[in-house]
Amino acid sequence: MTLLASKPAAAPARAPERAPYWTMRRRDELAGWLMVTPQLAGIVAFVIVPLGLVVWYSLHEWNVLAGTFDFVGGANYEQLTSDPRLGPALQATGLFSVGLVVLNLSLALFLAVLLNQKLRGTVVFRTLFFSPVVVTLVAWTIVWGFLLQDNGGVNGFLQQLGIDGPNWLRGESTAMISVIVVQLFKGVGLNMVLFLAALQGVPAELYEAARIDGASAWARFRRVTVPLISPTILLTSILTVVGSLQVFAQIAVLTQGGPGTSTTVLVYYLYQQAFQFHHFGYGATISLLLFVIVLALTVLQWRMRRRWVFHES
Amino acid sequence: MSRRLKLLVYGVLLICCVPFVFPTWWMATTSLKPVNEIFAFPPRLLPQDVTFDAYRQVFALQPFGQQYLNSLYIAVLVTLGTLVVSSLAGYAFARIPFRGSGVVFVVVLAGLLVPNEVTIIPLYRMFDGLGLVNTHWPLILIPMLGAPSVLATFIMRQFFITLPRELEEAGRVDGLGRFGLFWQVSLPLAKPAIGAVSIFTFLHSWNLFLEPIVFLSSKDKFTIPQALTQYVDAYGGALWNVQLAAATLSALPVLVIFVLAQRQFVEGLAQTGLKG
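Protein chains in written order, with our numbering: chain Y, 4 to 316; chain D, 134 to 409.
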């Protein structure tokens with residue numbers, strides 16, 4: 004009897020000891036997962052699954068118009084290695100990317116250094132240099148296309164200086180220069196602003212100390228400025244390299260990949276194969292190549308950061 | 134800095150301005166010139182006879198008003214959607230030590246390495262399968278949830294990481310749960326990051342070109358960038374004055390907003406997570 008009576012007495016005594024299931028930790032777990040779910044689901048649906056599908060498609064001969072979808076193994080990859088148009092496309096991509104990245108980063112840094120001087124009116128100049136970033140990309144491209152016509156504004160002004168300008172968009176090398184320049188002035192303002200923010204974070208005492216040590220302006224730039232803003236240089240170069248590999252609208256509007264194939268970069272070639280010639284399987288193979296290139300260049304830059312990126316710690 | 138050096142710097146800055154400013158000027162002024170004047174030699178910086186004929190044609194040749202609205206509402210929806218998705222995810226990655234957050238973060242960051250161009254073929258097939266080709270859904274859903282939103286999430290995360298712990302501990306004491314802390318404590322402080330994300334998300338959507346030409350096929354569904362290239366004569370030659378008038382209409386509102394709010398624009402972009 005006492006034994007039985009003691010049981011119900013013990014239960015309420017133990018109850019407060021048992022922690023509720025929904026501890027703060029568990030709630031946090033759930034909240035964390037709920038909060039990342041939209042983003043995670045989006046990445047799975049619109050990046051990971053499509054990436055898998057690209058691999059799958061690349062193993063097929065798929066002509067949308069004919070309605071054929073046949074497994075062909077590595078045939079698309081063999082076609083890729085023997086495609087006479089691939090070499091020129093890679094060359095055009097390389098030329099465009101190297102030209103754009105080098106010009107963009109150096110001009111951005113140059114302008115940022117100029118704007119970082121204690122001068123009146125730098126905000127006005129900053130606004131002007133940045134303004135093309137907010138102009139609709141295709142609008143910007145169209146004006147430049149108009150300016151670069153044989154009888155357009157650029158040659159009109161050159162002629163007034165006594166120079167007979169070329170037909171920019173119709174010559175192989177001038178067409179490539181044109182697309183690089185159009186993209187350069189469109190986007191350089193963004194990198195300039197990022198550099199400017201980094202430059203403003205460099206402590207003035209360091210320059211003072213370097214000056215006392217007798218360092219020239221160039222030496223101060225090379226030995227003080229560049230190391231201290233190197234994390235920003237890394238970030239802007241990764242973003243600019245990846246961006247340069249994605250150039251499409253400018254090519255489509257200005258040159259349609261021409262003259263010949265001189266400005267047919269990889270993305271434009273991929274677009275042609277998939278959406279103009281309807282070779283989805285082969286297009287997917289080119290997509291994969293583009294992905295590998297983006298991945299390799301990003302990893303390479305990230306790896307190289309140890310060599311030259313300065314860390315305060 | 135000596136007077137001469139100052140003059141030199143100003144001179145260099147002024148010369149550098151030309152390729153940044155002149156195209157926009159040329160776009161706006163040429164759109165007001167009569168056709169026989171647009172290729173005049175020597176080039177005229179200002180139109181001699183101002184005409185709005187090109188602007189009339191912009192709306193006569195295509196449903197440009199509709200196309201403008203398309204671009205606008207898509208960009209606004211994408212911006213709002215991206216803000217919701219990226220602030221939630223960025224907050225969770227920065228402040229909640231949930232199990233698996235490291236792995237999820239790496240999976241999400243992978244989106245940064247996969248340009249939309251790489252996945253455009255399967256994305257086209259997926260939306261085709263759902264019967265959503267030639268609708269605006271792909272232009273809204275992909276940027277909002279897919280690869281382009283990852284940079285936004287990253288910026289949000291970088292921002293939320295910098296908030297001091299004590300703020301949230303105070304909120305805890307007041308009895309706030311996770312969503313309360315997010316909504317009432319952290320998010321109101323994230324205005325600079327929200328500003329930066331809004332600006333570049335809007336511009337990204339506004340500029341989109343490959344996706345519209347892949348997904349859309351009827352003129353009343355077109356967005357501005359795609360519509361701009363459609364002002365051509367019977368032989369495919371550009372109707373320059375009409376193209377430039379439409380280009381001006383697409384660029385001017387954003388430019389005006391930018392000039393009015395340039396501090397927030399430039400500093401917001403520079404001072405958030407993008408600092409690296």
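To be clear, the hints were calculated from the coordinates, so they are not data collected in a lab. Be aware that one or more of the hints could be misleading.
[Unchecked claim] The following residues of chain Y were derived to be distant from chain D, with all beta-carbon distances above 10 Å: (1) Glu64; (2) Thr130; (3) Arg225.
[What the hints assert, rightly or not] If we take Cβ atoms under 8 Å as the criterion, some of the chain Y residues that face chain D in the derived model are: (4) Asp31; (5) Tyr80; (6) Leu83; (7) Pro87; (8) Phe128; (9) Phe133; (10) Leu164; (11) Val196; (12) Tyr210; (13) Glu211; (14) Ile215; (15) Trp221; (16) Phe280; (17) Leu293; (18) Val297; (19) Leu298.
[As the list claims (entries may be wrong)] A short list of chain Y residues far from chain D (calculated; beta carbon distances all over 12 Å): (20) Gly102; (21) Ala213; (22) Ala218.
Every residue, glycine too, gets a C-beta built ideally from N, C-alpha and C.
> Should the interface hint for Ile215/Y be scored as holding, given a Cβ-Cβ cut-off of 8 Å against chain D?
Replying inline: 18 Å, violated
request  = Using 8 Å as the Cβ threshold, decide whether Phe133/Y counts as touching chain D.
outcome  = Hint on Phe133/Y: holds, closest Cβ of chain D at ~6 Å, below 8 Å.
field: Hint check: 8 Å Cβ-Cβ cutoff, Leu83/Y to chain D
entry: 15 Å, violated
Fill in: Beyond 12 Å from every chain D Cβ - status for Ala218/Y
17 Å, holds
* To do: Using 8 Å as the Cβ threshold, decide whether Trp221/Y counts as touching chain D.
  => 15 Å, violated
Discussion item. A closest beta-carbon separation below 8 Å is what the hint needs, so does Leu164/Y meet it against chain D?
Written reply: Cβ of Leu164/Y sits 11 Å from chain D, so the hint is violated.
**OP:** Against chain D, run the beta carbon of Tyr210/Y and see if the smallest gap drops under 8 Å.
**Re:** 13 Å, violated
Closest CB-CB distance from Thr130/Y to chain D, is it above 10 Å?
-> The claim is violated: Thr130/Y sits with its nearest Cβ about 5 Å from chain D, within 10 Å.
**Asked** Would the stated hint for Val196/Y survive a check requiring a Cβ distance to chain D of less than 8 Å?
**Response** 5 Å, holds
Against chain D, run the beta carbon of Phe128/Y and see if the smallest gap drops under 8 Å.
Holds - the Cβ of Phe128/Y comes within 8 Å of chain D, reaching about 5 Å at its closest.
Legend entry - Least C-beta distance between Glu64/Y and chain D, which was stated to exceed 10 Å: 14 Å, holds
Ala213/Y non-interfacial with respect to chain D [C-beta, more than 12 Å] = Ala213/Y is indeed farther than 12 Å from all Cβ atoms of chain D, at 17 Å.
The structure does not agree with the numbered hints 2, 5, 6, 7, 10, 12, 13, 14, 15 and 16 stated previously, though it agrees with the rest.
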